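Asker: First to last, the sequence lines map onto chains A and P.
All residue numbers for the first sequence refer to this note's numbering, where the first residue is 1101 and numbers rise by one.
All residue numbers for the second sequence refer to this note's numbering, where the first residue is 2 and numbers rise by one.
The set of hints was computed from the structure by calculation and includes no laboratory data.
In this text, all values refer to a predicted model and were calculated from it rather than measured experimentally.
Heads up, the beta-carbon is just placed ideally off N, CA and C, and yes, glycines get one too.
Keep in mind that the hints are not guaranteed to be accurate.
[To be verified] Pair ranges (Cβ atoms, derived):
no.	chain 1	residue 1	chain 2	residue 2	range
1	P	Arg578	A	Gly1131	54 to 60 Å
2	A	Arg1108	P	Arg116	46 to 52 Å
3	A	Thr1105	P	Arg116	18 to 24 Å
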Amino acid sequence: MNPFTYKRATDQSGAIREVAGNANAKFLAGGTNLIDLMKMNVQQPAELVDINRLALKRIEKTPTGLRIGALASNSEVATNALVRENFPVLSEALLAGASPQLRNMATVGGNLLQRTRCYYFMDTAFPCNKRVPGSGCPAIPGFNRIHAILGASDKCIAVHPSDMAVALAALDAVVNVEGAAGARQIPIIDFHRLPGDTPHVDTNLRADELIVSVDLPSSAFARRSRYLKIRDRAQYAFALVSVAAALDVQQGRIGAARLALGGVAHKPWRALEAEKILTGAQANAQTFKAAAEAVVKDAVPQKHNAFKIELARRAVVRLLSDVAGVMTGGAA
Amino acid sequence: MSDQNIGKPVPRKEGRAKVTGAARYVDDLAVPGMLYGVTVRSHVARGRISEIIFGDRIPWDEFTVVTARDIPGANAVALILNDQPYLADRIVNHAEEPILLLAHEDKYLLEEARRAVRVEIEPLPAVFSIEDSLAKKEIVWGEDNVFKSFLVEKGNVDEVWDSPGLVVVEGVYATGAQEQLYIETNGVIATASREEGVVVQGSMQCPYYVHKALVKLFDLPEDKVRVIQTETGGGFGGKEEYPSMIAGHAALLAWKSGRPVKMIYDRAEDMTATTKRHPSRTRHRTAVTRAGQLLGMEIDFVIDGGAYATLSAVVLSRGTIHAAGPYNCPNVRIRSRAVATNAPPHGAFRGFGAPQSIFALERHLDKVAAAVGLAPEELRRRNFISRGETTATGQVIREEVDMGALLDRAFELSDYHAKRERFSRENVGNKIKRGIGFASFMHGAGFTGSGEKYLQSVVGCEATAEGRVRVLAASTEIGQGTNTIFAQIAADALGLDYERVEVVRPDTASVPNSGPTVASRTCMIVGKLVESAALQLKQTLAGAGLLQEPYTAEEFERACREYIEKNGALKSFSQYRQPEGVEWDDEHYRGDAYGAYAWAVYVAEVSVDTLTYEARVEDFVAVQEVGRVIHPVLAAGQIEGGVAQGVGWTLYESVVWAGGRMANGQMTNYIIPTSADIPPIRVHFFENPYAGGPAGAKGIGELPMDGPAPAILNAVEHATGVRFDSVPLTPEAIMEALEGEAVKA
Ligand SMILES: Cc1cc2nc3c(=O)[nH]c(=O)nc-3n(C[C@H](O)[C@H](O)[C@H](O)COP(=O)(O)OP(=O)(O)OC[C@H]3O[C@@H](n4cnc5c(N)ncnc54)[C@H](O)[C@@H]3O)c2cc1C
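Build the full structure now, drawing on both the sequences and the hints.
Answerer: Written as structure tokens, this is what we have:
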């Protein structure tokens, strides 16, 4: 780990000024990702600005839905009664991630910005275009079981590891941020990026921008939402493939649908085409299969992860059936 | 001898210190003036070092830098063939091979310096698989890439194949590498100078191995080297040979700098640079009568030793001897080889070759059973070895063995027959397929062959004037319970309370060499020496007319005090003697391979989700005969831990290799099972006291690693109807097998 200076921010604008003034400064929230990466020398910030004292922990009702402070812990969000009732997929996604100890430390802002778990990115013995732009991608010719099947580029095939962000993608969340140049809102679908030629840039957040909160609009489909995560062991592992689904079904017909996948791309993967197929269709196996096909239509396997395409298909069908089943009173 | 402590769950000797946080591990210790040390390693698997470049912006004159040229003695880790250098000089043979050492008092600057050293290496062609090594695609070691080979012959297997009415069954089986993943990573603190000699303290299993290695490395007399074990957070074999390396490195830095040096690996370095379980490939060809009688077994067993010989020869030996299992087959040929590749050397890991060869055999026997239309258990029952019969090496089994009874008990506890029938029936319409399978096996305790005879282990017992007893041995407590069972054994031998016995911290300056803490030998072999050393103490007191049975603790105390007042000290030593009638022929690999075996039948129940193709172990029954159980909780803990490690090896733990280097050397990427993946494990012991062990005990440490993999894969076959013959078994392998090529492309 590098030596670094540590500052504890007491107010929001001071924190932003501090980070804006040092190109090599980073906000420190729960530290569960950043400190690990620093220990492994993957990241070497010269300055950490601790934001934990800022008043950004609240989870509060708004006229259109719910606002979750960027420093609310993953545990607080997962167990919050309003979240559980109105946005169950978010609670399920958070509880499917990490461990209780980690969730107690991890925050909403940090979770959104957590970095990929690509073996090569995390190990400085290898080159990596994400870590050292232009150095190459050993995952493409190498072992790439956990890598992307959608939206990858010839520079990077890493996937975004967050479960929470997949749920947010299915909930039309909006990320409220504030930087030296002022405040703005970023829809979740535009928050993370595909790798393209600049895989070292994970998101569209600017370096000096602080995530302040996340807004969740209420909806009928959000109340009927669930998360399915497939991983290498029962607990405490990142998703090989995960699915967040939200459906509004009336008399067997799907009104509105949201579908997002995790573990498959460089960003939480919103399956817009599949949503089109679902919207207005009968909630039955045939529809769900068609939606699953649409999800993987453009999937491109790497050498070792073709199984993920099939896994994604199956996970989509199973989760959609479960969500629909719950609402139509059938078997869960 | 009393029976006050043995068989009872007395509190662990080091338990309180561990749970209260008082236990001090090496990284908790600091020595005044201490520097930190790090290792610069090779980034290529094989090549010629052309240049070492020290980058700018580092104040190099503040650093201690050690290269191969600085080594005062021999640049080789003393073990068996002494072929592994401490520091590569000109040629590197595996990724992560140590090339250069750095020390500085500032950890952070040191890390920067490590990254500022650039080693230019011209790559040479490398070999990464058993098949390529055997095919001599490139010669990377010796003349033929073969570290060691063995041939075991019983009867004449060549004559059986043509016999009429025989069924011949063939199969190929493979196992992958596995990381030991002890909780505490490797670490040591060293001080060293020509005048004072070398002192190393650290996390380790075998202080005298480290001692021997340092004597050669520094070319010092034995009494100028001292090795002390600190509290050790697990080993599983991973701290058998490797500590000699890190101890040597820290000591070289201390020697050159004149300051104490602490060296602690972080998890990534520990995972990528240190040893793992040997990958293996086994071919079986078996002749069996239609009635299920095994007539001939031809076994070809190969393990990947990595870049240097290290312990591969002895891992191979144990794997070879266990390859034919607990069966009585008249004609057997086992040919085995340990071959070189350009992976970091593979090393000791619980089971030591036996899990690999037993996996192959116990998978294969299910195939053999199917080929002759017998239930798997029926085939085994018809061939189980029993007293008076001989193993593959011609060892006559002299103890009572009843594998059939173990099988009955395991089947009863697991409800095997009913489940086997019910799952077969219900699986047809179910998305979740269930299966149940088993493996039967044995594991030899102690060093193989004449190993114990050569080791000549010694244990001491000392009594104080307060009537307290101290056990002196180099056998280490690494979480498995050495100190507890030694105290139980000594206490019962002397008829004293458990609290009166203390086990001294292993320190080569003050304890005799009781041998390494490996090979399931600590309880049976060393424990027996503890027992006899303790009995000798008593005899000494009796001989001096100071003690008469029966006696109270106060009488014992008085006797000790009087003896010590008169004679100065009260100590006794006991040395290993090969039991009568144990014979081993090293040249032909024939005879009594082990003093005793533990015997076992394990049953695994699994479910396979046909949506995600995840296999889970749902239930596990482990039945074994281990002689006398010294400590029921620790013994069951050994079995449960071994089964969990076996479940990991079978279904979860996959070492990802990239150019001969572990690419997933992080705990979030290298998946080991958590408690949520481990089924209930029901442990049952049969106790059949063995005359050669303390109070009748045999060894159990490695045994539980042998059974889970084949039992689980046998159960997966029952669940899915598909044969899987390699581990780890990943969900995608199951998916590919069940769905065919469609999924692949
Ligand atoms: C062993 C382990 C297992 C895990 N398993 C899972 C899993 O299964 N699923 C899953 O989704 N996650 C998992 N995680 C990841 C975990 O969710 C993240 O580490 C956590 O959410 C990060 O939050 P944090 O507050 O600790 O972030 P930090 O580590 O503090 O910060 C992460 C990044 O975000 C930046 N940052 C933090 N807050 C803000 C803010 N308000 N504004 C701007 N920038 C900010 C920091 O500068 C840093 O770059 C696991 C982590 C570990 C260690």
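Asker: Run every hint past the structure and note whether it holds.
Answerer: Hints, one by one, checked against the model:
1. With their beta carbons about 59 Å apart, P:Arg578 and A:Gly1131 fall inside the hinted range of 54 to 60 Å.
2. Taken as a hint, the range 46 to 52 Å is violated for the pair A:Arg1108 and P:Arg116, whose Cβ atoms sit roughly 29 Å apart.
3. Distance hint for A:Thr1105 and P:Arg116: a CB-CB separation of about 21 Å, consistent with the stated range 18 to 24 Å.
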